[in-house]
Every structure is written in structure tokens, then in C-alpha cells.
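**Student:** First to last, the protein sequences are chains A and B.
So for the first sequence, the numbering used here puts the first residue at 21; every next one is plus one.
So for the second sequence, the numbering used here puts the first residue at 10; every next one is plus one.
Check each hint, because a few of them may be wrong.
Examples of chain B residues toward chain A, derived with CB under 8 Å [to be verified]:
1) T61
2) L62
3) F123
4) L128
5) I237
6) V238
7) S243
8) I246
9) P255
10) M318
11) G322
12) L493
13) G496
14) P535
If you are wondering where the hints come from, they were derived from the structure by calculation, not from laboratory data.
Using N, Cα and C, we set each Cβ at its ideal position, and we do this for glycine too.
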Amino acid sequence: MSDTVIKNHTENLHEEHVHRDDTGAKMGMWLFLFTELLLFGGLFLLYMAYRLQYYHEFHIAARELNVGIGTFNTIILLTSSMTMALSIAAMQRSRKGLSLFLLASTKILALGFLVNKYFEWSAKFEHGFFPGSDVLIDKPRGEYLFYGMYYAMTGLHALHVIAGMTILVFMFVFITRNSITPTNYVKLENSGLYWHLVDLIWIFLFPLFYLMR
Amino acid sequence: MSENSESKPYINFLQAESKHKGIFKWILSTDHKRIGIMYMTGMMAFLLVGITLGFLMKLEMLTPGKTIMDAQTYNAFFTLHGVIMIFLFIIPGLPAVFGNFMLPLQIGARDVAFPRLNLLSWWLYVVGGIFAIASLFLQGGPIDTGWTFYVPYSLRTGTNVSLPLFAAFILGFSSILTGINFVTTVHRLRAPGMTFFKMPLFVWAIYSTAWIQVIATPVVGITIILVIVERAFSLGIFDPALGGDPLLFQHLFWIYSHPAVYIMILPAMGAVSEIIPTFAKRTIFGYKAIAFSSLAIAFIGYFVWAHHMFTTGISDTSRFIFSLLTFLVAIPSGVKVFNWVATLYKGSITPGAPLLFVMMFIFLFSIGGLTGLVLGSLATNVHVHDTYFVVAHFHYVMFGGTVMIFFAALHYWLPKMFGRMYNEKVAKWSIALIFIGFNMLYFTMFILGYEGQPRRYWDYLPQFQTLQIISTVGSWILISGILLMFGNLHRSIKRGAKAEANPWGGKTLEWTIPSPPPVHNFDEIPVITHGPYNYGEEEAK
Numbered sequence: 021m022s023d024t025v026i027k028n029h030t031e032n033l034h035e036e037h038v039h040r041d042d043t044g045a046k047m048g049m050w051l052f053l054f055t056e057l058l059l060f061g062g063l064f065l066l067y068m069a070y071r072l073q074y075y076h077e078f079h080i081a082a083r084e085l086n087v088g089i090g091t092f093n094t095i096i097l098l099t100s101s102m103t104m105a106l107s108i109a110a111m112q113r114s115r116k117g118l119s120l121f122l123l124a125s126t127k128i129l130a131l132g133f134l135v136n137k138y139f140e141w142s143a144k145f146e147h148g149f150f151p152g153s154d155v156l157i158d159k160p161r162g163e164y165l166f167y168g169m170y171y172a173m174t175g176l177h178a179l180h181v182i183a184g185m186t187i188l189v190f191m192f193v194f195i196t197r198n199s200i201t202p203t204n205y206v207k208l209e210n211s212g213l214y215w216h217l218v219d220l221i222w223i224f225l226f227p228l229f230y231l232m233r
Numbered sequence: 010m011s012e013n014s015e016s017k018p019y020i021n022f023l024q025a026e027s028k029h030k031g032i033f034k035w036i037l038s039t040d041h042k043r044i045g046i047m048y049m050t051g052m053m054a055f056l057l058v059g060i061t062l063g064f065l066m067k068l069e070m071l072t073p074g075k076t077i078m079d080a081q082t083y084n085a086f087f088t089l090h091g092v093i094m095i096f097l098f099i100i101p102g103l104p105a106v107f108g109n110f111m112l113p114l115q116i117g118a119r120d121v122a123f124p125r126l127n128l129l130s131w132w133l134y135v136v137g138g139i140f141a142i143a144s145l146f147l148q149g150g151p152i153d154t155g156w157t158f159y160v161p162y163s164l165r166t167g168t169n170v171s172l173p174l175f176a177a178f179i180l181g182f183s184s185i186l187t188g189i190n191f192v193t194t195v196h197r198l199r200a201p202g203m204t205f206f207k208m209p210l211f212v213w214a215i216y217s218t219a220w221i222q223v224i225a226t227p228v229v230g231i232t233i234i235l236v237i238v239e240r241a242f243s244l245g246i247f248d249p250a251l252g253g254d255p256l257l258f259q260h261l262f263w264i265y266s267h268p269a270v271y272i273m274i275l276p277a278m279g280a281v282s283e284i285i286p287t288f289a290k291r292t293i294f295g296y297k298a299i300a301f302s303s304l305a306i307a308f309i310g311y312f313v314w315a316h317h318m319f320t321t322g323i324s325d326t327s328r329f330i331f332s333l334l335t336f337l338v339a340i341p342s343g344v345k346v347f348n349w350v351a352t353l354y355k356g357s358i359t360p361g362a363p364l365l366f367v368m369m370f371i372f373l374f375s376i377g378g379l380t381g382l383v384l385g386s387l388a389t390n391v392h393v394h395d396t397y398f399v400v401a402h403f404h405y406v407m408f409g410g411t412v413m414i415f416f417a418a419l420h421y422w423l424p425k426m427f428g429r430m431y432n433e434k435v436a437k438w439s440i441a442l443i444f445i446g447f448n449m450l451y452f453t454m455f456i457l458g459y460e461g462q463p464r465r466y467w468d469y470l471p472q473f474q475t476l477q478i479i480s481t482v483g484s485w486i487l488i489s490g491i492l493l494m495f496g497n498l499h500r501s502i503k504r505g506a507k508a509e510a511n512p513w514g515g516k517t518l519e520w521t522i523p524s525p526p527p528v529h530n531f532d533e534i535p536v537i538t539h540g541p542y543n544y545g546e547e548e549a550k
């Protein structure tokens, strides 16, 4: 068996090797989302423990948060989830241009969310509401912890928004290069699932920090 | 059948060419078999580092007071020994090496469900390893918190804590991705006809383990990240000075780290369920009982974590409940042991090296398991808490359990992985040395712990010296046994006798293909019509 034959043989095997299993891909994605829920689950557990321990102080500390920005960001994320879902629907109906447009809208909304978050956090920093600040050190321990939890949870969520945006950029490129097509769009669907998770976690963070006051 | 496949020329996975050259043929390969071997290489290197640290620690304990190192170095050594052995060796352990290599073969698949994700897991493992090692040499000095990273000390110490913690996080991520991959593989890629109850028991064990990896690891991931963030920004979440509760750290840590010991032991139990039928030439006794006991251990293991915290001041009610739940784990574990022994009964036993390792496992693991009951009951736990008794128990179950089966699996599957046989005589000598050294080293620790020697102490009272010396000498015998075994395996891989497709007369699918396996495992995906260990049918004929 000459070298070229061996090489051809291996190449053939490699082609055969790339098999497609959309159900498997989605199953893997759901498992991954499950681990994401548990990652945040640890934080939700801590939040619950401290909320029970420092009930009154959490109550008071929450009044400092800006419900307006929080509500606005909730609307932004919910809308972005919708545009994401529509982008997949457009792809299923072979409307590539529309799908790209909706995907871009999702990204712009995500960026809007982060810009709001930036202004919200900067305002808090200016008033000295950040861990280790003199303002917070003088407050009761429960209020200090409220901000500890607030920055940990919304911070981790913001990182997930950034990760989601990065994924969406890749999806955009994949669609333009036709590696996501109306017959093979499981990558886009999985990214959508991830994006909905990011949205869903915010749906829980919003009342826990902004509304329970 | 084996002769037939031997005679046909084929390209095995060790020779296969790809578009990459040199070492990149391996480190960029998505072949599950190559990834398994790459994990094995990495883990062997870390195992040797861990052994060296353990050896030096035992040497330090030869005499009271300072022998070869100062107390701070000893603190760093026991921490690193734990971190390396747990996060870099035993948690990836059997799933990363034999799960990767054998799972697709045993279910009749050409690869895992996500080959590229599999390669990413390996890369994350390497990056985690590099971070852990790099932290030793950076400003601040090596971590000295113990492998459990308990707060508030891990928040206060000036040593390098954040980098090894981040390494543990990355390794956890690698473990999660492997778990996702294996669960999906088992669900999607079984050969036609292979129902869940026709799967080999090793596959069942890997499947249960993969679920624990997916469910438990994220919790420790977030806990570790919080400690890092806490050190950088003082969030207060685990810092008692700022209102946080250090006990919550322990809860979150053990919510993962207790199930993690089942990540370590379950795959080993799976490998035992493969080796015993093959070497006894009998169908496994109680197939379904063993399969379900894996799931039961995975499930109950999730609800016992607070038995690590009996002396922390948690309430009596919760201590009572956690103690009770801990005892429940003994039931599925016992089910397994009795089924293994029943399989051997009236079997046609070949006492090859893998089976001898398994016998050693049953002996050592039973001691480890029974002393686990001593630790699980509240009254005795308080007496031996944080003593050498715990260290001995842990090493009996983890080293005597998992690592012995890791060694057994190395011998059992070496012919399949490399197409070479090991030297049986040398293997048996190494087993004898390991058995004697192991018991000298760790059994003395049960006595020392019962008499009151605390764990992690650099110094000890003069009356403990006799036992400490026996223990240290035991470590020398143990290590010489392990080195002999590695020498034997290494030599066999290089120039051992050629192995046939099925040297042991195994019945699972990996033995139906040539050794080493062809690049894509099966020319034709087999159709499964019977259970995995159908020795009975042949006898009937």
C-alpha cells in the first residue's frame, strides 16, 4: 500500500467521520445550559441565605438601585430575545438577509444593555457604592453584602452577555459564509438557546435586586 | 473473527497520517483514542509529581521536628500533593483516559459525539495544569491552604491562591465538557441493537459519572470564582469580617467535592465490572443491580456533603440527617462488591495482573469503606475528625480504590491501546510490592489517627515515632513497586510482544477489532443482539 493510497484512505475516512446529528448537538447544548443554571444556582443559593439572614438590610440597600434603568434593561433583553428567535425563524424560511438583520439587531440591543449597565455602575461607583469603599464599610454588614451579591451576580451576568455577543458575531460570519443554511441551522438555534438563557437569568435577577424593596 | 481482522491490512490510529506534522498530529487530533492517550501522558507526569511530593512529606515525618524541610514548605507540599493528585490526576482519571478510549469502542461508535469539543477539553486540561504549576514559581510562593481552600484563611494568606484556584476552575470546565460529551455520546451513538441494558457496565459507570460531572462541577466553579473575586475586590460574601459566612463556602465546596469522590470511584467500579467477567469467564452476576447501583451512588452522593462538616457547628438535626444519608451510600456500594464476588464464584479464573489488581482493590476498598462508616457516624467522627484516620480512609478508598483500578485498567487495556503485551511476571512482582508498601504506609495511619495524630501537622509527639517510621518505610516500598510497574509498562509499549485482537477472551466490542484499533474503529458498525458478557451462551453450546 503506497503512501498516497494510505493518505487517500485516511482522507476518505475523515470525510465520513464528520457526521451530522442535530438532535445530539441540541442535547449537548441543553446539558451545557443546565451547567450554566447551576453556576448561577450557587449564587442564587448564597443570595437566599443572606437575604434570610439580613432581611431588613437587604430591603434598605435595594432602595438605592435605579428601577428605571433596571426596567429599561429588562425590556431591552426581552426584545433582543424576540429578535433572536425571529432571526432563526427567518433562516428557517430561507430569508438570509432578514435573518442577518435580526441577528444584528440582537447584538445592538445587547450592546445597549451593556451601555446602560456601564452608566448604572459608574453612577454607583461615583457615590461610593462599591465593595471595599469607605461609604459601604460604614454601612451595616447586610447592606455591604447586598452590594457584594449585586456586583457578583449582575457582573457574572454581564460577562455572559459579552460571551453571548461574541457567539452572535460568529453566527453572523457563519451565515454570510453560508455555513449556516436554511437546511443546517443548528448552530444558530443553539446560540439562540444560549441567548434566551442569558435573558432568563436577568428575568430572575431583576426582581431580586430591583423590585424587592 | 479476530484472526480474520488481523489478516486484513489496515492503518491503526497510532500510524495514521493527517494534514498536521510532527507533534501536531497528536495535539491537534480529534481522534478519541489519541486524546485518551494524550490525557494518559499528562496524567502520568502529574502523578509522578504528586508521588514525589508525597514521598518527601513522608520523609519529613521520619523524625519529630525538622527532618528535611521547614513547616511552611510542608504546608505547601500537602496542598500541592492534594491539588495535583485530585484535580490533575484522579478527577480526570479513568473517564479522561479509558472513557475516551473505550467508551466509543464499547458502544460500537466511530468517535464521541463532539470530537472537537473533546480536544478542547484536553487543551483546557493542559492549560489548567500549566497554571497550577506556574503558581509555584511566581511571587508569593506556592499555595498553603490545603486542597480544600477553606476561607477565611484562603482570603488572608499571602501565597499564590488565585492562580491555582483559577487552574481548578479551568480543570472543572474541562471536566464539564467531557461530561456533556459522554452523556450525549451514550444517548446518540450506540450501535444498532445496543439498548441501555445491553451496554457494558463500564459504559454505565462512565455515563453515571458524566452526569455527576455535569451536575456538580458548576457549583464548585462559582465558589472558586467567588474566592478569587473576594481576594481581589473584597465582596464580603465569604469574609466573616465583612458579614459573610465562611460555612457557606464549605457547603458550596462540598456540594461539589463530595459528589466528586464518586466521579473518582464510579468509573473504577465500572472497570472492575469489565475485568472480573473477562478473567472469570463468566457472565456478570446481577447486571442490572450493578448498573442501577452506579446511578444510585451518583444520586445519593449528592445529598451527603455535610458529613465533611460535622465539627463546624451545624445543627444536630442536619448532622443526624447527613449521617443517615451517608450510611445509605454503603448499600449500593455493598451491592456492587457482593455481585463481583458472586461473579467469581465457580468461575474459570485466570489470575492475570488486572484481576490481581482488582482483588487488591476489593480488599483495600472494603477497609476504606468500612472505616468510612466510622467517619460517617457522629460520635466516632468527632473523635477522629481531622486526624490521620481521615487521611488513611481517604487513601484507602481513593488510592486503594480508584488508583489501583487505574493501574488494573492500564494492564487490562494496554494490549488494545498499543498492540503490545506487558511482562506478566514483572507485573506480579510490582503488585506484591505495591500491596505490602500500601498497607504499611496507610494502615499505620489509622492507628496513628486513632491515637490522636492530627493531619497536616509538620511535627509529632515522640511516642508516634515507631509507627511513623513504619509508615515512611512503607512509602519507599510502595513507590518502588509503582516505579517497577511503570518501567514494565513503558518497556512493553516500546517493545513488548505483539498482542492479538483479544488476548484475554473478552466479550465486549473493543475486543472484536484489531489491536491497536483502526483509525475509525469499526469497518462496519456492528449490530448488537445480546448482552455484553455472554459467556453462558458459549458454555451452553
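**Student:** Given B/I246 as an interface hint, is its Cβ closer than 8 Å to any Cβ of chain A?
**Tutor:** holds, 5 Å
**Student:** Does B/P535 pass the interface hint, meaning its C-beta sits closer than 8 Å to a C-beta of chain A?
**Tutor:** violated, 17 Å
**Student:** Using Cβ atoms only, decide whether B/L493 comes closer than 8 Å to chain A, and label the hint accordingly.
**Tutor:** violated, 38 Å
**Student:** With 8 Å as the cut and Cβ atoms as the points, is B/G496 at the interface with chain A?
**Tutor:** violated, 34 Å
**Student:** Given B/S243 was flagged as interface, is its beta-carbon under 8 Å from a beta-carbon of chain A?
**Tutor:** Nearest chain A Cβ about 5 Å off; hint holds.
**Student:** The hint names B/L128 as touching chain A; please verify it with the least Cβ-Cβ distance against 8 Å.
**Tutor:** violated, 13 Å
**Student:** Is the hint on B/L62 kept, meaning its closest Cβ partner in chain A is under 8 Å away?
**Tutor:** violated, 30 Å
**Student:** With a cut-off of 8 Å, does the beta carbon of B/G322 approach a beta carbon of chain A closely enough for the hint to hold?
**Tutor:** At 15 Å from the nearest chain A Cβ, B/G322 fails the 8 Å test, so the hint is violated.
**Student:** When the nearest CB of chain A is found for B/F123, is that gap smaller than 8 Å?
**Tutor:** This hint holds: B/F123 lies near chain A, its Cβ roughly 6 Å from the closest one there, short of 8 Å.
**Student:** Is the interface hint satisfied for B/T61? The criterion is a beta-carbon contact with chain A at less than 8 Å.
**Tutor:** violated, 34 Å
**Student:** Tell me if the interface restraint on B/V238 is satisfied: Cβ within less than 8 Å of some Cβ in chain A.
**Tutor:** holds, 7 Å
**Student:** So, B/M318 near chain A? Judge it on the closest CB pair being under 8 Å.
**Tutor:** violated, 15 Å
Checked against the numbered hints listed earlier, the structure breaks hints 1, 2, 4, 5, 9, 10, 11, 12, 13 and 14; every other hint is satisfied.
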